[in-house]
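Number of protein chains: 2
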Amino acid sequence: MKKALTVGEALESVLRVAPALPPEDVPCLEAVGRILQEEVRADADYPPFDKSLMDGYAVIAADVAAAPRKLRVLEEIAAGSDPARLRPLQPACASRIMTGAPLPPASDAVLIVEDSEPVPGDPGAVLAKAAVRSGDNVARRGGDARRGEVLLSPGDLLGPAEIGVLAACGRTRARVGRRPSLAVLATGDELVEPDRSPSPGRIRNSNGPLLLALARQAGATVRDLGIVGDRREALGAAIERGLEGDILALSGGVSMGAYDLVGETLRSLGVEILFDRVAIKPGRPFTFGTRDRTLVFGCPGNPVSTYVIFQVFGRPAIRKMIGFADPSPAPVRGILRGAVRQRPGRTGYYQTRARLSEGGCVAEILPTSGSADFVSCARGNALAVVPAEVASMQSGDAIDILLLEDFADR
Amino acid sequence: MKKALTVGEALESVLRVAPALPPEDVPCLEAVGRILQEEVRADADYPPFDKSLMDGYAVIAADVAAAPRKLRVLEEIAAGSDPARLRPLQPACASRIMTGAPLPPASDAVLIVEDSEPVPGDPGAVLAKAAVRSGDNVARRGGDARRGEVLLSPGDLLGPAEIGVLAACGRTRARVGRRPSLAVLATGDELVEPDRSPSPGRIRNSNGPLLLALARQAGATVRDLGIVGDRREALGAAIERGLEGDILALSGGVSMGAYDLVGETLRSLGVEILFDRVAIKPGRPFTFGTRDRTLVFGCPGNPVSTYVIFQVFGRPAIRKMIGFADPSPAPVRGILRGAVRQRPGRTGYYQTRARLSEGGCVAEILPTSGSADFVSCARGNALAVVPAEVASMQSGDAIDILLLEDFADR
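Chains as they are written, first to last, in our numbering: chain A, 25 to 434; chain B, 25 to 434.
Quick caveat, the hints were computed from the structure, so don't treat them as lab data.
Be a bit skeptical, because a hint or two may be false.
No copy is singled out in the list; a pair is fine if it fits within one copy or between any two copies.
Here are the simulated lysine to aspartate or glutamate pairs, DMTMM-like style, with alpha carbons at most 20 Å apart [what the hints assert, rightly or not]:
no.: 1; residue 1: K305; residue 2: D139
no.: 2; residue 1: K305; residue 2: E138
no.: 3; residue 1: K305; residue 2: D160
no.: 4; residue 1: K27; residue 2: E138
no.: 5; residue 1: K27; residue 2: E288
Excised from the complex, chain A in its bound form (with noise of 0.2 Å):
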């Protein structure tokens, strides 16, 4: 057995082995939420023509630099009508013109309907109430963006303006990075599926069900394997078949106990075990390897520590798989709320319930009572980080938060 690593070295070897999944071509609207390996380019100037932004009349600006004004209307823009169609602007001539529409020749602003008035007995004109300025409710030819300019690029997540902004560039498919699938495996004799009443003794797999949902949430494509019984052939098996995919996430059979066998197990099958012991808590027998480009998570069967190494080290190695530039988010520092005492030695994760305040980000930890407290988990939204040689924190300290994907939702 190796010596613990700290978090940092074993973030580093996670990192180091989880590859970058080739990219596909998906529609549009399932490319929300990942993440773009292509650069698109505006096909056109954006907009294409000078454009009223508003419902009124094309003027010549210098016409109507004072009010009131009568103007003589030529004719009426639609959205849609053709530029070249149009009737050039005349001195003291206007032409009614609705948002959308492109703006006629010589006119370079657009007076708003609610500025005008009819005139009486002379429905061949209009009166300009106020002043106009050149450029007033038009967008310009190129004012959002140039042909050819850059307007996303590889790396960029993928939210609904950026959808938008495909739409309008003539895109239906987007190339992103492939979701990897993951392949969840629970083990131990005592753990019971979900819908089973568990015997003396024995408990329900939560972990799968946890893992499961970590895994999708984090973007990654789902398989159950169920639950696998500490014997070497079942295991074996079924960790062959959670070898197929790009990910093997495995929770318990990785402590010190006489049934610990899923190291043993990865080992006979040729996963590369890279370290089987991280100075954190909770989750230090947290097991990582590889086998040609699948990783495989030992994770402890405890339900906290499950999720604390998901959140610390899957979900960075999902998130690189997809895409994303910046893997890993570095936590955001905020004041914490309540006390800390931990032993030194290991970094600790606390479950957190996080918000912002004017002064920055409050962190609360929430009361637990071990690292098999599978309801804390369900409280927070944040996971805040005490450094392995630190002993106590206080109230209004200022300490670490690792901001979950729900934040912002609860």
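Starting from the known structure of chain A, fit chain B onto it as the hints suggest.
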């Protein structure tokens, strides 16, 4: 036409008529990101028995108050063992125990394996090298949750940790608020589908894909009704199809132009228009109405207006329908970087890049060329909110920031 409402009045009006949709039962893994609509209680004590948190030896702590101490080993207890079949500990005795295994009767602590060593020549004994205290490395029955205790409540957002809690309690399905169905219809003679090359004076429909992506990200299921031109009959038929779902989102056709038929067509189809002007910039001509239980959002044709209107009004409506207890999260208070100037009278929403620093949330307002600048939305992760009565704000001023959903991801 009615008077423009304030943003607060308009949001209140939207949320008042947005119905919380009836719940549905879904498989737990599909419930991630949704809102629970039932109470979930612990179906047993958790843990259901006194349980070892480590691999080592179950002991009577009083026996090992001082070390070293030689103990006789009674048996080996694997995880999953039936507690009723275990041999009660006698003084000066221990049982080998694995992580997750039940403690034998009379035992009240676990000596970790690292603190033990074999006794040479006596394979039936073990040497405790360190003292233990009662409760060390033991999770007490009911320590995490008591049978009948409420673990999850209606209104809870289901993340991975909650899925773990559900599994632990024997649940494979969860009762959650139904997702609303939302249809998107883009209107305007100037529009062509994104896969087409626009002829002069026309542009591609980017608002439709934008709204589809926004709505899906907010939690709706979406339906694309494509583009309809500014003709009464076709518009009416398309709107009628959109009114079949829970929400119809239109873009365009709500300004004051001669071809802005949306409001009039909605009325003719029996939609009650609750308001058609909001004191917001961008997005003033936002039109909102209902027919039976269907909500109708008439968004302006400009992409940035559509984006802002959806984030400020559409997303809270969807969140209420899904069952969020707090459908409209309050903006956080942060610090402005850069300056803003606006004409007082309308609440201003500005595309913003927000980040967390030690002193709080910092909002950098992004440059934009106007309300048609679809590129600016793609660079932000938040909207800075400037009150209607404020004409200018300076760098360093406190400012309200509306965090958007992918805030933690960028």
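Review point. Which holds for K27 with E288 at a C-alpha limit of 20 Å: within a copy, between copies, both or neither?
Key: within (17 Å within a copy, 74 Å between copies)
Practice item. Indicate which option fits the pair K305, D139 if close means a Cα-Cα distance not exceeding 20 Å: within, between, both or neither. Key: Between copies only: 18 Å across chains, 68 Å inside a chain, cut-off 20 Å.
Review point. Can you tell me if K305 and D160 fall within 20 Å by alpha carbon in one copy, between copies, both or neither?
Key: For K305 and D160, only the inter-copy Cα distance (16 Å) is at most 20 Å; the intra-copy one is 61 Å.
Point to revise | Intra/inter-copy verdict for K305 and E138 if alpha-carbon distance must be at most 20 Å | key: between (66 Å within a copy, 17 Å between copies)
Check your understanding: Given a CA cutoff of 20 Å, do K27 and E138 count as a within-copy pair, a between-copy pair, both, or neither?
Key -> between (76 Å within a copy, 14 Å between copies)
Hint compliance for this structure: no hint is broken.
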